[in-house]
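Participant: Sequences listed follow chains B and P, in order. For the first sequence, the working numbering gives the first residue as 12, with consecutive numbering after it. For the second sequence, the working numbering gives the first residue as 12, with consecutive numbering after it.
Derived by calculation from the structure, the hints in this document are not laboratory data. Do not rely on the hints blindly, as some may be mistaken.
No distinction is drawn between identical chains; accordingly, a pair holds when it is met within one copy or between any pair of copies.
As the list claims (entries may be wrong) - Here are the computed lysine to aspartate or glutamate pairs in the EDC-like style, where the Cα-Cα straight-line distance is at most 20 Å:
1) Lys-158 to Glu-35
2) Lys-225 to Asp-329
3) Lys-98 to Asp-330
4) Lys-26 to Asp-267
5) Lys-301 to Glu-259
6) Lys-293 to Glu-352
7) Lys-27 to Asp-305
8) Lys-158 to Asp-128
9) Lys-158 to Glu-49
10) Lys-26 to Glu-155
11) Lys-27 to Glu-155
12) Lys-158 to Glu-143
13) Lys-26 to Asp-250
14) Lys-260 to Glu-154
15) Lys-26 to Asp-218
Predicted model only: the values in this text are computed from it and were never measured.
As a plain string of letters, each chain reads:
Number of protein chains: 2
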Amino acid sequence: MDFGLNFFPVFAPEKKTATDYYREVIDLSALADRLGFEHVQTVEHYGSPYGGYSPDPVTLLAAVAARTERIRITTGAVIPAFTHPLKLAGKLAMLDNLSGGRLDAGFGRGFLPDEFDWFGIPMSESRRRFTEGIEACRRLWSEENVKWEGEFHSFGPVTLLPRPVQRPHPPIFVASASSPESCAAAGTAGHHLQVVPSIVSHGTLLDMLAAYRKAWADAGRSLADARIQIKYTCYLSDDRAQALAWGEKFENNYVDLMSGAIASWAATQSDAYQGYEKLIEKVQQYDFAKSLRDNKVLAGTPAQVAEQLRAIQGAYGDDLTVSLHLNAGYLPHRDAARAVELFAAEVAPGF
Amino acid sequence: MDFGLNFFPVFAPEKKTATDYYREVIDLSALADRLGFEHVQTVEHYGSPYGGYSPDPVTLLAAVAARTERIRITTGAVIPAFTHPLKLAGKLAMLDNLSGGRLDAGFGRGFLPDEFDWFGIPMSESRRRFTEGIEACRRLWSEENVKWEGEFHSFGPVTLLPRPVQRPHPPIFVASASSPESCAAAGTAGHHLQVVPSIVSHGTLLDMLAAYRKAWADAGRSLADARIQIKYTCYLSDDRAQALAWGEKFENNYVDLMSGAIASWAATQSDAYQGYEKLIEKVQQYDFAKSLRDNKVLAGTPAQVAEQLRAIQGAYGDDLTVSLHLNAGYLPHRDAARAVELFAAEVAPGF
Numbered sequence: 012m013d014f015g016l017n018f019f020p021v022f023a024p025e026k027k028t029a030t031d032y033y034r035e036v037i038d039l040s041a042l043a044d045r046l047g048f049e050h051v052q053t054v055e056h057y058g059s060p061y062g063g064y065s066p067d068p069v070t071l072l073a074a075v076a077a078r079t080e081r082i083r084i085t086t087g088a089v090i091p092a093f094t095h096p097l098k099l100a101g102k103l104a105m106l107d108n109l110s111g112g113r114l115d116a117g118f119g120r121g122f123l124p125d126e127f128d129w130f131g132i133p134m135s136e137s138r139r140r141f142t143e144g145i146e147a148c149r150r151l152w153s154e155e156n157v158k159w160e161g162e163f164h165s166f167g168p169v170t171l172l173p174r175p176v177q178r179p180h181p182p183i184f185v186a187s188a189s190s191p192e193s194c195a196a197a198g199t200a201g202h203h204l205q206v207v208p209s210i211v212s213h214g215t216l217l218d219m220l221a222a223y224r225k226a227w228a229d230a231g232r233s234l235a236d237a238r239i240q241i242k243y244t245c246y247l248s249d250d251r252a253q254a255l256a257w258g259e260k261f262e263n264n265y266v267d268l269m270s271g272a273i274a275s276w277a278a279t280q281s282d283a284y285q286g287y288e289k290l291i292e293k294v295q296q297y298d299f300a301k302s303l304r305d306n307k308v309l310a311g312t313p314a315q316v317a318e319q320l321r322a323i324q325g326a327y328g329d330d331l332t333v334s335l336h337l338n339a340g341y342l343p344h345r346d347a348a349r350a351v352e353l354f355a356a357e358v359a360p361g362f
Numbered sequence: 012m013d014f015g016l017n018f019f020p021v022f023a024p025e026k027k028t029a030t031d032y033y034r035e036v037i038d039l040s041a042l043a044d045r046l047g048f049e050h051v052q053t054v055e056h057y058g059s060p061y062g063g064y065s066p067d068p069v070t071l072l073a074a075v076a077a078r079t080e081r082i083r084i085t086t087g088a089v090i091p092a093f094t095h096p097l098k099l100a101g102k103l104a105m106l107d108n109l110s111g112g113r114l115d116a117g118f119g120r121g122f123l124p125d126e127f128d129w130f131g132i133p134m135s136e137s138r139r140r141f142t143e144g145i146e147a148c149r150r151l152w153s154e155e156n157v158k159w160e161g162e163f164h165s166f167g168p169v170t171l172l173p174r175p176v177q178r179p180h181p182p183i184f185v186a187s188a189s190s191p192e193s194c195a196a197a198g199t200a201g202h203h204l205q206v207v208p209s210i211v212s213h214g215t216l217l218d219m220l221a222a223y224r225k226a227w228a229d230a231g232r233s234l235a236d237a238r239i240q241i242k243y244t245c246y247l248s249d250d251r252a253q254a255l256a257w258g259e260k261f262e263n264n265y266v267d268l269m270s271g272a273i274a275s276w277a278a279t280q281s282d283a284y285q286g287y288e289k290l291i292e293k294v295q296q297y298d299f300a301k302s303l304r305d306n307k308v309l310a311g312t313p314a315q316v317a318e319q320l321r322a323i324q325g326a327y328g329d330d331l332t333v334s335l336h337l338n339a340g341y342l343p344h345r346d347a348a349r350a351v352e353l354f355a356a357e358v359a360p361g362f
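Taking the hints into account, I'd like the entire structure generated from these sequences.
Facilitator: Below, the structure is given as structure tokens:
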């Protein structure tokens with residue numbers, strides 16, 4: 012298994028300024044780069060403490076690319092529904108060049124009603140916009156004189172500049188799929204996968220991974236080329252009690268702030284997002300101890316986290332890249348940096 | 012007078028890869044940062060060798076911000092017509108934080124028919140989209156719970172994250188205005204100004220600056236607070252013949268590639284862009300020697316360029332910040348770096 016860092020800012024602005032937060036992300040990324048982590052990734056969200064410090068992941072990742080040498084630079088994810096494909100493909104191609112060909116491009120469908128409302132995009136269009144956006148980027152990256160006639164965008168012929176470094180195009184990841192059907196679609200299309208175990212049941216995740224691998228192989232590809240990133244929040248310390256205290260505190264902070272961001276689901280029902288209206292209830296029932304027992308969150312000493320990772324590896328496969336959120340909530344920077352060092356020194360070597 | 016660096020990539024991709032170009036821009040910016048230049052700026056263009064290596068200036072400038080300490084980071088410009096205001100304000104606020112409050116935000120209306128066509132935006136809307144985009148960003152930066160009801164966008168209430176560092180908001184520049192009326196409008200609104208002498212006559216530029224300063228002062232502001240950036244391409248060498256040879260070569264390269272980018276003006280006439288259909292003819296009549304005599308382009312030894320700058324200062328005022336394009340066309344990096352050093356050592360101290 013490989014390991015990367017996932018950054019997902021979830022805290023009220025009074026807890027940490029954006030200036031400090033970005034500086035910490037860049038420093039942790041440079042540290043991870045030196046210590047051999049596989050990737051750095053971050054998210055796209057707007058207008059609430061739930062991810063809102065990252066309205067444009069490419070902007071932050073361009074700064075990370077400028078301060079790192081070898082680590083992969085991953086969007087986790089960009090949301091095509093909110094950006095014109097020519098703009099999105101263009102800035103991702105810039106990032107691929109700025110990083111010397113280190114981009115992994117994760118695309119997400121988006122799921123927050125407020126965000127779709129602010130952008131004036133009906134949620135009922137989200138899957139079609141997501142699919143069209145990925146395909147338009149893929150063509151703009153890999154072909155010249157692209158003439159695009161889609162449901163939402165028509166343009167061209169145009170040859171995108173800059174051309175990406177990676178040919179035929181930067182690896183494409185489908186982010187946060189939550190059903191076996193969408194995982195199978197990603198596998199059939201030859202896209203890589205980003206999954207989030209905390210938002211689906213163990214059984215569903217098993218079905219998702221099986222559907223993905225089967226679709227990938229059925230399309231005539233070698234499973235050795237499929238890439239799956241699996242995302243966990245991780246609280247790591249030499250002191251187990253300290254790690255658990257951070258977990259209890261920052262997982263509940265996450266749940267509180269996510270509740271705010273998804274409040275509008277109470278008034279939203281969409282055939283395109285079945286069951287999401289129950290998200291609020293699900294989130295409010297969050298139980299850190301149970302989540303830890305179920306290996307939905309990692310917390311403890313290096314030995315204990317390694318044990319959790321072995322269980323995860325046994326359950327889901329050893330072809331996974333684990334994307335670790337090691338500075339969750341408003342964990343002080345020195346503790347996050349120590350966790351990155353501790354993981355590299357005492358956990359990663361066992362895998 | 013202060014001096015900054017302007018980056019405007021105008022060369023066919025086979026002349027220089029984007030990876031090399033961005034690395035050079037970052038290195039020159041770091042050099043300019045150490046040598047006391049006031050700002051670094053770059054442009055937004057798409058899909059042609061005329062600026063197309065910079066479809067998202069914020070992405071490149073985020074990398075520049077990560078590698079510099081004190082120099083101002085300037086968009087020259089972003090085009091609000093092509094990006095939703097919540098996205099645009101958000102990523103510019105990220106850049107303001109990434110740079111520790113060093114952002115100067117220049118906004119442009121856009122003028123290339125192909126770009127508007129690719130984005131599916133009628134050019135007849137360009138001025139209104141420009142005006143609405145600037146005002147929406149200004150409110151999102153300076154107010155909370157913004158409810159926006161514009162002609163093109165409606166959203167909110169939403170509180171933008173991250174909050175910008177500079178309060179009430181990052182300085183706003185209106186880019187490449189080309190009429191006294193639009194300069195007066197910028198002055199009345201309290202926006203700063205970016206002008207490009209090569210695209211207007213000497214007389215028009217005088218009228219523009221007078222109209223701007225008058226409108227600024229008439230609104231009850233001190234002229235000491237008005238900021239005007241004036242953009243020149245500059246070919247600088249200890250060897251006058253070398254500087255002139257570069258100028259002849261790369262100014263004509265610019266004209267050739269601009270001609271390609273504006274070819275569609277031959278078939279476009281818009282009431283909103285009066286006279287632009289004559290751009291092609293104007294561009295084809297380009298004469299480097301005349302342009303040099305008229306101080307529309309700077310070229311020569313440090314003493315000669317200083318003399319040109321003194322004439323410019325005399326004509327247009329000593330409150331200007333001159334934005335120098337010192338790596339025009341595909342000038343080799345070592346020559347551009349030498350020009351930056353030469354300018355800092357032998358030209359800037361005289362002003």
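Participant: For the identical chains here, do Lys-225 and Asp-329 meet the 20 Å Cα criterion within one copy, between copies, both, or neither?
Facilitator: within (16 Å within a copy, 70 Å between copies)
Participant: Within, between, both or neither: how does the pair Lys-26, Asp-218 come out at a Cα-Cα threshold of 20 Å?
Facilitator: Close neither inside one copy (39 Å) nor across copies (50 Å); limit 20 Å.
Participant: Checking an output row: Lys-26 and Glu-155, CA cutoff 20 Å. Within, between, both or neither?
Facilitator: between (47 Å within a copy, 18 Å between copies)
Participant: With identical chains treated as interchangeable, where does the CA-CA distance between Lys-27 and Asp-305 reach 20 Å or less: within a copy, between copies, both, or neither?
Facilitator: This pair counts as neither: shortest intra-copy Cα distance 31 Å, inter-copy 53 Å.
Participant: Given a CA cutoff of 20 Å, do Lys-260 and Glu-154 count as a within-copy pair, a between-copy pair, both, or neither?
Facilitator: Cα proximity of Lys-260 and Glu-154: none, with 49 Å in one copy and 31 Å across.
Participant: Pop the pair Lys-158 and Glu-49 into one bin, within, between, both or neither, using alpha-carbon distances up to 20 Å.
Facilitator: So Lys-158 and Glu-49 fail the 20 Å test inside a copy (36 Å) and across (42 Å) alike.
Participant: State whether the alpha carbon distance between Lys-158 and Glu-35 is at most 20 Å within one copy, between copies, both, or neither.
Facilitator: neither (42 Å within a copy, 32 Å between copies)
Participant: Checking an output row: Lys-26 and Asp-250, CA cutoff 20 Å. Within, between, both or neither?
Facilitator: Neither. Shortest intra-copy (24 Å) and inter-copy (57 Å) distances fail the 20 Å Cα cut-off.
Participant: Should Lys-98 paired with Asp-330 be assigned to within, between, both, or neither, using CA atoms and 20 Å as the limit?
Facilitator: For Lys-98 and Asp-330, the Cα distance exceeds 20 Å both inside one copy (33 Å) and across copies (36 Å).
Participant: Is it within a copy, between copies, both, or neither that the alpha carbon of Lys-27 lies no farther than 20 Å from that of Glu-155?
Facilitator: between (44 Å within a copy, 18 Å between copies)
Participant: Have a look at Lys-26 and Asp-267 and pick one of within, between, both or neither, based on CA distance no larger than 20 Å.
Facilitator: within (14 Å within a copy, 53 Å between copies)
Participant: Is it within, between, both or neither when you check Lys-293 against Glu-352 at 20 Å Cα-Cα?
Facilitator: The answer is neither: 34 Å in one copy and 61 Å across copies each exceed 20 Å.
The earlier numbered hints that this structure contradicts are 1, 3, 6, 7, 9, 13, 14 and 15.
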